[in-house]
Amino acid sequence: MSKYAVKQLSIFLENRKGRLEEVTKTLSDSKINIRALCLAESAEFGILRLVVDNPEKAKSALSTGGFTVKERDVFAVKVPDEPGSFYKVVHILAQKDINVEYTYAFVGTSSMAVLLFRVPDEFFEEAVRSLLDGGIELVDPLFFYK
Amino acid sequence: MWNPIEGASREEIEALQLKRLKDTVTRLYHLVPFYKNKLDEKKISPDDIKSLDDLKRLPFTTKQDLRDHYPFGLFAVPLEQVVRIHSSSGTTGKPTVVGYTRHDMEIWIEVMARTLKMADVGPKDVVHNAYGYGLFTGGLGFHYGAERVGASVVPSSGGFTKRQLLLMKDFGATVLCCTPSFALHLYEVAIEEGYDIPKDFKLKAGFFGAEPASEGLRNAIKNAWQIQYVECYGLSEIIGPGVAALCKEGNLHIFEDHFIAEIIDPETGEVLPDGEEGELVITPITKQALALLRYRTKDITSLTRIPCKCGRTMITMGAIKGRTDDMLIVNGVNVFPSQVEHVLTKVEGTTPNYVIVVDKKGVLDKLEVWIEVDEKTFADGIGALENLKRRLEAEMLNELYINAKVKLVEPKTLERSMGKAKRIVDKREDIKGVS
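Residue numbers (the working numbering), protein chains in the order written: chain Z, 1 to 146; chain E, 147 to 581.
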């Protein structure tokens with residue numbers, strides 16, 4: 001397993017009133033801190049993707065709470081918070097013909113942004129290597145965990 | 147009435163029934179090994195049938211027996227004499243197959259003519275037949291019957307609602323034949339399209355069957371189209387439509403010179419007296435290609451034998467109260483939960499937790515299959531889940547001929563909202579009658 005693999009939790013949610021509140025309450029009750037998130041939705045259901053400070057604990061709390069949870073490896077890169085940074089990363093992956101399944105971002109500090117990427121597992125290593133070769137800074141998973 | 151026999155004395159009808167029953171049992175004993183074995187097992191010889199009361203000693207036949215002898219194993223004539231084959235869907239992939247000789251076709255046409263006569267359909271009428279033409283007995287059954295009474299038949303078959311309305315208007319249809327839900331759907335589309343019902347259409351009667359219709363639905367159709375509602379009961383294993391039809395007095399008469407009806411306790415098989423509710427069992431007594439002894443219809447109803455004001459003396463069956471098995475009828479198509487499960491297992495590789503939900507969307511039935519997304523099913527991607535949904539829907543259409551909507555739900559949803567073991571949730575109003 002790559003040392004850059006960040007554990008992300010995907011949660012299946014029906015588009016139902018109050019459901020998001022119930023997930024976040026479950027996490028809150030377990031004192032889980034959400035470090036990054038994105039929500040993808042279709043007409044009938046959604047997938048909530050989270051990077052949290054304690055993935056194991058979060059997963060077990062959510063499963064106990066009756067949610068369907070899947071763990072996935074994503075990687076994170078740190079880029080200057082300025083025009084062209086996202087392009088630079090995506091460009092490297094595109095050159096290598098690596099398909100990005102999804103990506104999301106948050107502003108880490110005043111000058112840096114953190115981008116999370118999900119690529120097919122079989123391309124994970126290649127993606128990470130080519131980004132490092134391209135001078136992109138990969139984020140150590142410990143940055144997210146406690 | 148089409149045939150005076152419909153108003154004959156009980157003695158005459160019963161004498162005819164006895165003679166025909168004896169003939170049928172004799173023929174089946176000698177021509178169908180399945181029945182020879184069954185009768186031998188029960189130590190009954192055809193000569194033992196001395197009165198109609200002896201009917202209750204005869205063995206039952208079930209849909210499973212038909213499937214076990216797929217396709218022609220229960221036919222009592224060689225295929226050379228069969229002029230028509232129809233088929234209906236089955237629970238496990240094998241359909242049930244029925245055959246007709248030229249003589250059987252004559253009987254079918256005769257009982258369909260009697261059915262159409264319930265609304266005095268004749269040469270002056272234009273019959274718009276929107277039952278599906280094909281393996282399903284509805285389309286061709288009504289078609290031939292309507293030709294026999296001399297009406298002009300428009301074989302429009304199902305679908306294409308707007309075009310059907312145009313044809314009904316332009317050809318001056320006086321009679322509509324279709325499923326009850328389609329009749330109401332036609333009306334709703336007619337209103338949407340801006341038709342003026344009394345001005346644009348000349349309908350006087352409709353012949354509705356093949357699916358259960360609640361009293362509310364029947365009244366809605368009657369009022370919407372301002373027509374006489376003729377309920378039609380039948381099943382392909384017996385003959386197709388034409389087993390029973392509703393007279394103007396509102397009684398559903400069974401054409402019992404061709405079909406003997408009994409009501410049994412579905413648990414014990416015991417024959418129940420008139421007026422009591424139980425499973426309807428029918429023995430066709432004039433058919434050649436496929437005659438079945440005491441066929442269990444699985445429909446729950448009761449029988450009464452009182453002369454009707456319409457002049458018919460034939461036995462009356464009540465509205466169908468339900469079914470003894472878990473079969474669903476969705477827009478006229480038979481659906482069993484086991485079929486749905488089969489499709490899920492095929493696509494998924496496992497059997498997920500699921501519930502079948504049937505409801506009304508406007509006037510048509512709407513079938514949803516709710517599937518719990520567990521860790522095994524849950525691919526982390528909207529696209530993958532949407533794909534799964536689409537594949538299941540496509541397979542359902544392909545295998546079961548139904549437009550089912552697949553809904554992915556969270557685990558425990560099913561238990562939460564409808565109790566654990568329940569596989570079917572029927573939200574349609576009480577089914578008060580099969581028409």
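Hints are computed from structural coordinates only; laboratory data are not their basis.
Some hints here could point you the wrong way.
[Stated by the list, open to error] Simulated crosslink set (DMTMM-like; lysine to aspartate or glutamate; CA at most 20 angstroms straight-line): (1) 25/Z with 423/E; (2) 535/E with 73/Z; (3) 70/Z with 423/E; (4) 17/Z with 518/E; (5) 506/E with 532/E; (6) 522/E with 73/Z; (7) 7/Z with 422/E; (8) 522/E with 532/E; (9) 551/E with 14/Z; (10) 70/Z with 494/E; (11) 348/E with 334/E; (12) 467/E with 521/E; (13) 507/E with 73/Z; (14) 59/Z with 334/E.
[Claimed, not checked] A few chain E positions that, by computed beta-carbon distances, are all more than 12 angstroms from chain Z: (15) 175; (16) 218; (17) 263; (18) 300; (19) 303; (20) 455; (21) 467; (22) 518; (23) 519; (24) 521; (25) 523; (26) 529; (27) 553.
[Stated by the list, open to error] Here are the simulated distance ranges between beta carbons: (28) 120/Z with 571/E: 55 to 63 angstroms; (29) 97/Z with 215/E: 52 to 60 angstroms; (30) 573/E with 94/Z: 30 to 38 angstroms; (31) 473/E with 14/Z: 25 to 33 angstroms; (32) 37/Z with 572/E: 36 to 44 angstroms.
Where a beta carbon is used, it is the ideal one built from N, C-alpha and C, also for glycine.
Structure-based check of each hint:
Note on residue 25/Z and residue 423/E: the hinted pairing is violated, with a Cα-Cα distance of about 54 angstroms set against a maximum of 20 angstroms. For the given pair, residue 535/E sits about 25 angstroms from residue 73/Z by alpha-carbon distance, which is inconsistent with the 20 angstroms threshold. Taking the CA atoms of residue 70/Z and residue 423/E, the gap is about 53 angstroms. The hint is violated against a cut of 20 angstroms. Distance check on the hinted pair: residue 17/Z and residue 518/E sit about 18 angstroms apart at the alpha-carbon level, within 20 angstroms; holds.
Among the hinted pairs, residue 506/E with residue 532/E is inconsistent with the structure: their alpha-carbon atoms are about 24 angstroms apart, more than 20 angstroms. Between residue 522/E and residue 73/Z the alpha-carbon distance is near 17 angstroms, which keeps this suggested pair within the 20 angstroms criterion. Only pairs whose Cα atoms come within 20 angstroms are accepted, and residue 7/Z paired with residue 422/E is rejected, the gap being roughly 66 angstroms. A C-alpha spacing of about 16 angstroms is found between residue 522/E and residue 532/E, which places the hinted pair at or below 20 angstroms, so the restraint holds.
Taking the CA atoms of residue 551/E and residue 14/Z, the gap is near 16 angstroms; set against the 20 angstroms cutoff, the hint holds. Between residue 70/Z and residue 494/E the alpha-carbon distance is near 18 angstroms, which keeps this suggested pair within the 20 angstroms criterion. For the hint linking residue 348/E to residue 334/E, the alpha-carbon distance of about 17 angstroms falls within 20 angstroms, and the restraint holds. Under the criterion of a C-alpha separation no larger than 20 angstroms, the hint pairing residue 467/E with residue 521/E is inconsistent with the structure, at around 41 angstroms.
Of the pairs offered as hints, the one joining residue 507/E and residue 73/Z is violated, with about 43 angstroms between alpha carbons and a cut-off of 20 angstroms exceeded. Restraint check: the Cα-Cα separation between residue 59/Z and residue 334/E comes to about 51 angstroms, which exceeds 20 angstroms; the hinted pair is violated. Here residue 175/E stays apart from chain Z, with its beta-carbon at least about 58 angstroms from theirs, past the 12 angstroms limit. A cut-off of 12 angstroms between C-beta atoms confirms that residue 218/E is not in contact with chain Z; the least separation is 46 angstroms.
Even its closest Cβ contact with chain Z, about 50 angstroms, leaves residue 263/E beyond 12 angstroms, as expected for a residue assigned away from the interface. Look at residue 300/E: its CB is around 40 angstroms from the nearest CB on chain Z, clear of 12 angstroms, so calling it non-interface holds up. A cut-off of 12 angstroms between C-beta atoms confirms that residue 303/E is not in contact with chain Z; the least separation is 33 angstroms. Against chain Z, the non-interface label of residue 455/E holds: every CB pair exceeds 12 angstroms, the least being about 54 angstroms.
Residue 467/E, annotated as away from the interface, keeps every beta carbon of chain Z farther than 12 angstroms; the closest lies near 36 angstroms. Not every beta carbon of chain Z lies more than 12 angstroms from that of residue 518/E, the smallest distance being close to 8 angstroms; the non-interface claim is violated. Chain Z draws residue 519/E into its interface by the beta-carbon criterion, the shortest separation being 5 angstroms against a cut-off of 12 angstroms. With a closest Cβ-Cβ approach of about 6 angstroms to chain Z, residue 521/E is found to fall inside the 12 angstroms limit, against its non-interface label.
Taking the minimum C-beta to C-beta distance to chain Z, about 8 angstroms, the non-interface status of residue 523/E is violated against the 12 angstroms cut. Residue placement check: residue 529/E does not keep its beta carbon more than 12 angstroms from all beta carbons of chain Z (closest about 9 angstroms). With a cut of 12 angstroms on Cβ distances, residue 553/E falls inside the contact zone with chain Z, its closest approach being about 6 angstroms. In this structure the supplied range 55 to 63 angstroms is violated for residue 120/Z paired with residue 571/E, their Cβ-Cβ distance being about 39 angstroms.
For residue 97/Z paired with residue 215/E, a C-beta distance near 59 angstroms keeps the hint of 52 to 60 angstroms intact. For residue 573/E paired with residue 94/Z, a C-beta distance near 50 angstroms fails the hint of 30 to 38 angstroms. Taking 25 to 33 angstroms as the suggested C-beta distance range, the pair residue 473/E and residue 14/Z conforms, at roughly 29 angstroms. Take residue 37/Z and residue 572/E: their Cβ atoms lie about 40 angstroms apart, and the range 36 to 44 angstroms holds.
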